[in-house]
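*Asks:* Protein sequence lines correspond, in order, to chains D and F. For the first sequence, position 110 matches number 117 in our numbering, and the numbering has no gaps at all. For the second sequence, position 69 matches number 104 in our numbering, and the numbering has no gaps at all.
If you're looking for bench data, these hints aren't it; they were derived computationally from the structure. Some clues are possibly wrong.
[Unchecked claim] One-sided and incomplete, this derived list gives chain D residues near chain F with beta-carbon spacing under 8 Å:
1) Gly23
2) Gln24
3) Val60
4) Pro61
[Claimed, not checked] To list a few chain D residues with every Cβ distance to chain F over 10 Å, as calculated:
5) Glu21
6) Lys31
7) Gly49
8) Leu50
9) Glu51
10) Ser73
11) Lys75
12) Ser80
13) Gln87
14) Glu90
15) Ala100
16) Asp109
17) Thr110
18) Gln111
19) Pro115
From a predicted model like this one, the values you see are computed outputs, not experimental measurements. C-beta: ideal position from N, C-alpha, C; glycine also.
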Amino acid sequence: DAGVIQSPRHEVTEMGQEVTLRCKPISGHDYLFWYRQTMMRGLELLIYFNNNVPIDDSGMPEDRFSAKMPNASFSTLKIQPSEPRDSAVYFCASSSWDRGLDTQYFGPGTRLTVL
Amino acid sequence: LAKTTQPISMDSYEGQEVNITCSHNNIATNDYITWYQQFPSQGPRFIIQGYKTKVTNEVASLFIPADRKSSTLSLPRVSLSDTAVYYCLVGDITGRRALTFGSGTRLQVQP
């Protein structure tokens, strides 16, 4: 298996622009997670899905952030409009029910820079 | 959520055994203890998980005392490539609770 795939790996944009991050989980996994990592705040869980349904979005910072999972093999995290404080590494992870939600496989991350 | 406390950093030398302890005083009955490893510019990687007593795999051992208020990740004979941040997580595996990564322990292995 190729593991969790994220794109793009790097994104540089200007304040006010829309940013879309993409994730393809491991085939057969029924949980998908989005995290954000910064030096100041560490690794924060933003939202997670189970069988394509959002379960907990309490970590989503504000209405500028939205996440979707239209099918079992694809998810997006969108920021609109983006702000400099959104600069971070965004990780997607997936897991399967039989191994437990906390046995996660992480993607390589997307490094977002908002100028 | 069960809060975890780990040392901020540790130093070791190649070939030594490293033990990283995590405190989780308010762990719940259904909670498991999971450790992750993160190298620079990479996502965290699952290392080991346990509920009680001792768990061992090809990478590490996890020791959990009877009261489960702490746990110790043991890395045998570390090498330079074990330099990373190690996170201890405590959570419910049934899918009803979010996961919290704390600050982690930054392990530096020197030659």
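*Asks:* Could you run down the list of hints and mark each one as holding or not?
*Replies:* Hint-by-hint comparison with the structure:
no.	hint	in the structure
1	Gly23	violated (28 Å)
2	Gln24	violated (24 Å)
3	Val60	violated (11 Å)
4	Pro61	violated (12 Å)
5	Glu21	holds (24 Å)
6	Lys31	holds (14 Å)
7	Gly49	violated (6 Å)
8	Leu50	violated (4 Å)
9	Glu51	violated (8 Å)
10	Ser73	holds (18 Å)
11	Lys75	holds (19 Å)
12	Ser80	holds (19 Å)
13	Gln87	holds (24 Å)
14	Glu90	holds (23 Å)
15	Ala100	violated (7 Å)
16	Asp109	violated (5 Å)
17	Thr110	violated (5 Å)
18	Gln111	violated (6 Å)
19	Pro115	violated (6 Å)
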